[in-house]
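Visitor: Going line by line, the protein sequences match chains A and B. Note that the first sequence covers residues 10 to 383 in our numbering. Note that the second sequence covers residues 1193 to 1315 in our numbering.
Quick caveat, the hints were computed from the structure, so don't treat them as lab data. The structure displayed is predicted, hence computed values, not measured ones. Treat each hint with caution, since some may be false.
[Stated by the list, open to error] Cut-off 30 Å, straight-line C-alpha distance, at most; resulting in silico cross-link-like pairs (DSSO-like, lysine-lysine):
{"no.": "1", "chain 1": "B", "residue 1": "Lys1233", "chain 2": "A", "residue 2": "Lys323"}
{"no.": "2", "chain 1": "A", "residue 1": "Lys304", "chain 2": "B", "residue 2": "Lys1303"}
{"no.": "3", "chain 1": "A", "residue 1": "Lys137", "chain 2": "A", "residue 2": "Lys95"}
{"no.": "4", "chain 1": "B", "residue 1": "Lys1233", "chain 2": "A", "residue 2": "Lys365"}
[Claimed, not checked] So the derived label-pair ranges between C-beta atoms look like this:
{"no.": "5", "chain 1": "B", "residue 1": "Glu1269", "chain 2": "A", "residue 2": "Ala98", "range": "33 to 43 Å"}
{"no.": "6", "chain 1": "B", "residue 1": "Thr1237", "chain 2": "A", "residue 2": "Thr364", "range": "13 to 23 Å"}
{"no.": "7", "chain 1": "A", "residue 1": "Thr364", "chain 2": "B", "residue 2": "Arg1292", "range": "24 to 34 Å"}
{"no.": "8", "chain 1": "B", "residue 1": "Leu1315", "chain 2": "A", "residue 2": "Gly254", "range": "46 to 56 Å"}
{"no.": "9", "chain 1": "A", "residue 1": "Val369", "chain 2": "B", "residue 2": "Asp1273", "range": "51 to 61 Å"}
{"no.": "10", "chain 1": "B", "residue 1": "Asp1217", "chain 2": "A", "residue 2": "Asn294", "range": "25 to 35 Å"}
{"no.": "11", "chain 1": "B", "residue 1": "Thr1237", "chain 2": "A", "residue 2": "Ala142", "range": "50 to 60 Å"}
{"no.": "12", "chain 1": "A", "residue 1": "Asp260", "chain 2": "B", "residue 2": "Gly1208", "range": "51 to 61 Å"}
C-beta: ideal position from N, C-alpha, C; glycine also.
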Amino acid sequence: MEPAIKMTQDLFKTPLWDVHQSFGAKMAPFAGYDMPLQYEGLGVMQEHLHTRENAGLFDVSHMGQVLLTGDDPATALETLVPSDIKGLAAGKMRYTVLLNDKGGIVDDLMVTRVDDNALYLVVNAGCKDKDFALLKTLSGVKMEMLDDRALIALQGPKAEAVLAGVLGADAASGVFMTMQKVDSDFGALFVSRSGYTGEDGFEISVPAGAAERFAQKLLAHPDVKPIGLGARDSLRLEAGLCLYGYDLDEDTTPIEANLKWAIQKRRRAEGGFKGADIILPQIENGVARMRIGIKPEGRAPVREGTELFSKEGKKIGIVTSGGFGPTVGGPVAMGYVETECAKDGTPIDAMVRGTKRPCVVVRLPFVTQQYKKG
Amino acid sequence: MDIYYSEDHEYVAVDGDVAMVGITDYAQNALGDVVYVELPKVGDTLEAGDQAGVVESVKSASEVYTPVSGEVILVNEALADNPALVNSDPVGDGWFFKIRLSDAAELEDLKDEDGYQDYVSGL
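Construct the entire structure; sequences and hints are all you get.
Guide: Next up, the structure:
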């Protein structure tokens, strides 16, 4: 048996580091941060199930929070992303991707319209440096990193009741993909109805100095448990959501990644974003490979890097995320295959340790999303 | 029945010339919830140190090695439907396979209970 992951030196701590210790977290390095993998008592499987049935609290403070301000930051940002940002009303948010000149994905992120003159972005921890370098090139826009803020996700069917109990019903009243500023005992909060688990829930930006107190207040509720990165990964995989660096990278376009829905009508018609000369023809003409869901038959997990084959024995692609889905009760995966094999229901094989394991291409997500729509 | 341990956290429970092999309580605890176990085949002849299977948790896959040489005479079929036995009873119902020892002298290279506990407490 290979032993578990070893700690490395020089890791950043989030403002919730002491909270993790107080709950007996098993820590591991992630994107330069010392992060909780799982906590004493439950373990990955139970943390996952607890989130789907009750509420889980996740420290996502390692992610980059950025404010873009200026006369018209939406128009400026639209040169780097293919989504409709100008059309976002104040308080509305959208999932999008930063693009390179080849139409490849530099990062995936959430963009919220604060008002006419401000956008609030949340980017991946491991992509901060390159994202900031890219955002700095925008003309007429001032970029401010909000690194004096923590970010806490509260996810699951009990999240609304728990948050309402701490911040009041109004603060917990937003619908999916909206954000409101809330003045509270914990300072000025940005409360978004969003998350990355497929469950209803919130992501709350809180001043770093009040983060621990706020987290402990939420965790004092009997329905809330702290949840580590292990369960965060299995939750997002079951929800069919992409993990940057695995399911998305700079050589993959949003069309290949099956994120065409993130490119709204006006942007398809007008273009005007990096890589549009590659991406827009792909919408017309299709692509050679596509991101798909993969349901392995049997119990053996099919993990990242596993090669995929057609039933005729031709190599057709690779798994980019895979593991065990606790809610599904079996293995789940996603990956890229040649488009002719990308149709739902297509039987394929995954080569696991020299043995072909039968799988089926399935529609994502694996678990029905429980978002609170308006 | 004497139990010996490898530094890779497998145990070998010896009864005559047959040994039951599995992973230790320390190992199952470090792995977390076991969701899948791949076992050797009955009749396989293994050398000490050979890969004898794979144990998978929600998050990762780890190789299992046999600390002793011999012929595999039985595998724990119950793990196919209930891999969580590895967590609940690693040195009992969660055993992996039984092997007929071809060289009992190999046991001298392994740790005894006290030696293994010392080793684990130093990790």
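Visitor: For every hint, state whether the structure bears it out.
Guide: The hints, checked one at a time:
1. Lys1233/B <-> Lys323/A: holds (29 Å)
2. Lys304/A <-> Lys1303/B: violated (42 Å)
3. Lys137/A <-> Lys95/A: Holds, because 23 Å separates the two Cα atoms, which is no more than 30 Å.
4. Lys1233/B <-> Lys365/A: Holds. Lys1233/B to Lys365/A sits at ~17 Å (cutoff 30 Å).
5. Glu1269/B <-> Ala98/A: 33 to 43 Å: Check failed, 60 Å falls outside 33 to 43 Å.
6. Thr1237/B <-> Thr364/A: 13 to 23 Å: With a Cβ separation near 20 Å, Thr1237/B and Thr364/A satisfy 13 to 23 Å, so the hint holds.
7. Thr364/A <-> Arg1292/B: 24 to 34 Å: Holds: the Cβ-Cβ distance is about 26 Å, inside 24 to 34 Å.
8. Leu1315/B <-> Gly254/A: 46 to 56 Å: violated (30 Å)
9. Val369/A <-> Asp1273/B: 51 to 61 Å: 21 Å Cβ-Cβ, so the 51 to 61 Å window is violated.
10. Asp1217/B <-> Asn294/A: 25 to 35 Å: Once the Cβ atoms are compared, 57 Å apart, the range 25 to 35 Å for Asn294/A and Asp1217/B is violated.
11. Thr1237/B <-> Ala142/A: 50 to 60 Å: Holds, at about 58 Å.
12. Asp260/A <-> Gly1208/B: 51 to 61 Å: holds (59 Å)
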